[in-house]
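Engineer: Below are the chains, spelled out letter by letter.
2 protein chains.
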Amino acid sequence: MAEEEVQVFGFRSGPFSLRVELALKLKAVDYQHIEEDLLNNKSDLLLKYNPIYKKVPVLVHNGNPISESLVILEYIEHNWTHNPIFPAHPYDRALARFWAKFIDDTVVPAVHKISGSTEEEREKAIEEAQKTLEPLENELGNKKFFGGEEIGLVDIVGLILAGWIPAIEEALGFELLNTHKLPNLKKWTEEFVNHRVAKQVMPQKDALVAFLKNVVLNRKN
Amino acid sequence: MAEEEVQVFGFRSGPFSLRVELALKLKAVDYQHIEEDLLNNKSDLLLKYNPIYKKVPVLVHNGNPISESLVILEYIEHNWTHNPIFPAHPYDRALARFWAKFIDDTVVPAVHKISGSTEEEREKAIEEAQKTLEPLENELGNKKFFGGEEIGLVDIVGLILAGWIPAIEEALGFELLNTHKLPNLKKWTEEFVNHRVAKQVMPQKDALVAFLKNVVLNRKN
Chain A
42 MAEEEVQVFG
52 FRSGPFSLRV
62 ELALKLKAVD
72 YQHIEEDLLN
82 NKSDLLLKYN
92 PIYKKVPVLV
102 HNGNPISESL
112 VILEYIEHNW
122 THNPIFPAHP
132 YDRALARFWA
142 KFIDDTVVPA
152 VHKISGSTEE
162 EREKAIEEAQ
172 KTLEPLENEL
182 GNKKFFGGEE
192 IGLVDIVGLI
202 LAGWIPAIEE
212 ALGFELLNTH
222 KLPNLKKWTE
232 EFVNHRVAKQ
242 VMPQKDALVA
252 FLKNVVLNRK
262 N
Chain E
42 MAEEEVQVFG
52 FRSGPFSLRV
62 ELALKLKAVD
72 YQHIEEDLLN
82 NKSDLLLKYN
92 PIYKKVPVLV
102 HNGNPISESL
112 VILEYIEHNW
122 THNPIFPAHP
132 YDRALARFWA
142 KFIDDTVVPA
152 VHKISGSTEE
162 EREKAIEEAQ
172 KTLEPLENEL
182 GNKKFFGGEE
192 IGLVDIVGLI
202 LAGWIPAIEE
212 ALGFELLNTH
222 KLPNLKKWTE
232 EFVNHRVAKQ
242 VMPQKDALVA
252 FLKNVVLNRK
262 N
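Protein sequence lines, in the order shown, are assigned to chains A and E.
Going by my numbering, the first residue of the first sequence is number 42, and it counts up by one from there.
Going by my numbering, the first residue of the second sequence is number 42, and it counts up by one from there.
Honestly, the hints are just simulated from the structure, not real lab data.
Mixed in with the good hints there might be a few duds.
No distinction is drawn between identical chains; accordingly, a pair holds when it is met within one copy or between any pair of copies.
With a straight-line Cα cutoff of 30 Å, these simulated DSSO-like cross-link-like pairs (lysine-lysine) come out [as the list claims (entries may be wrong)]:
| no. | residue 1 | residue 2 |
| --- | --- | --- |
| 1 | LYS184 | LYS83 |
| 2 | LYS165 | LYS89 |
| 3 | LYS89 | LYS68 |
| 4 | LYS154 | LYS68 |
| 5 | LYS68 | LYS96 |
| 6 | LYS172 | LYS89 |
| 7 | LYS66 | LYS142 |
| 8 | LYS142 | LYS96 |
| 9 | LYS184 | LYS89 |
| 10 | LYS184 | LYS66 |
Using the sequences and the accompanying hints, generate a full structural model.
Structural biologist: Below you can see the structure in the form of structure tokens.
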């Protein structure tokens, strides 16, 4: 097989970029990370490769650019079939896709709503996000990961919960996941960040807390 | 092969349900349509099969329910591989998924914004929707369908444009697609509704116009 060129245009503190990087790491695919300065100076290549959304992540495989993290994950699974991240059975694949989409369409906006809330709105936003997380809590059940014994599609898409929620909780001083209300998800966040591959790509919590505090601070000024 | 049971819980005037029905028709898969009364009386089965969103479409295959039209289309392609609706090459598949997601995330909300706009807001909403449609116009180019000579994933997801935009235009009295601004898409809507299979499932324009006028009228009252 000819040598492959795999590049990820990403953002180190960005959960969407990390989905792509984690999937490649799980499959032991070598790639080059190209850090984008999203706030101040997007590169010409990013604008060329993702002219519609001008966002990371973009996977460039042998010169062909692909945008949108869920689309990229499908491509990665199709191209590098070893260490599968999708379930084998078609019905299980459909369920995994459903939950991945649920995280993006429903959970992520609910969590964003907390971090964008005023202090008066916060309690209600937290309650709503907890309610939104309940179906995921039930879906996870007693499994170690959504993918079973190994990290799979839903875990990868859900890394925003494993890495960012604990950091947002600390940065903003509230509690969303706890052993009383969402014990399975709470346990899962710990399993996730300690997973032998995930811990190589996930940002350190302290760095993330500092980053988030800075974002919130700048927003207030 | 054992006999299969394929049911679609849908809504005859609903573009998301029709995606699923069109994909099954293109593959000549027999199925039972179960009409849901979404406004007044959702069935217990719908609530059981899609407890999260309580929405159509739901595909039930041998007793296993799947929700979310894009997820269902992936499942249909995987299960009934003849008459493929996805491109064969992995990169082309990724692009088709990107455009399908673009329609749902970006185009559909822009079109909704028009139908929900006041008369004062309308002109601006139309201009914005036209701008949103430009990348699709360029992607289509001179091809008959997004899928080439045959209807493919992007066409199926885009049926909301082919069937509903002309009906919304007539019901509300404005012009979004025209031979001057978006000539490729304009031509495509005509090709689409005349396609030998699509025309079997697409609602008649007159019926749709009447339905939409009724919805708008009820909203005003």
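Engineer: Determine which of the earlier numbered hints do not hold for this structure and return their numbers in increasing order.
Structural biologist: Failing hints, ascending: 1, 4.
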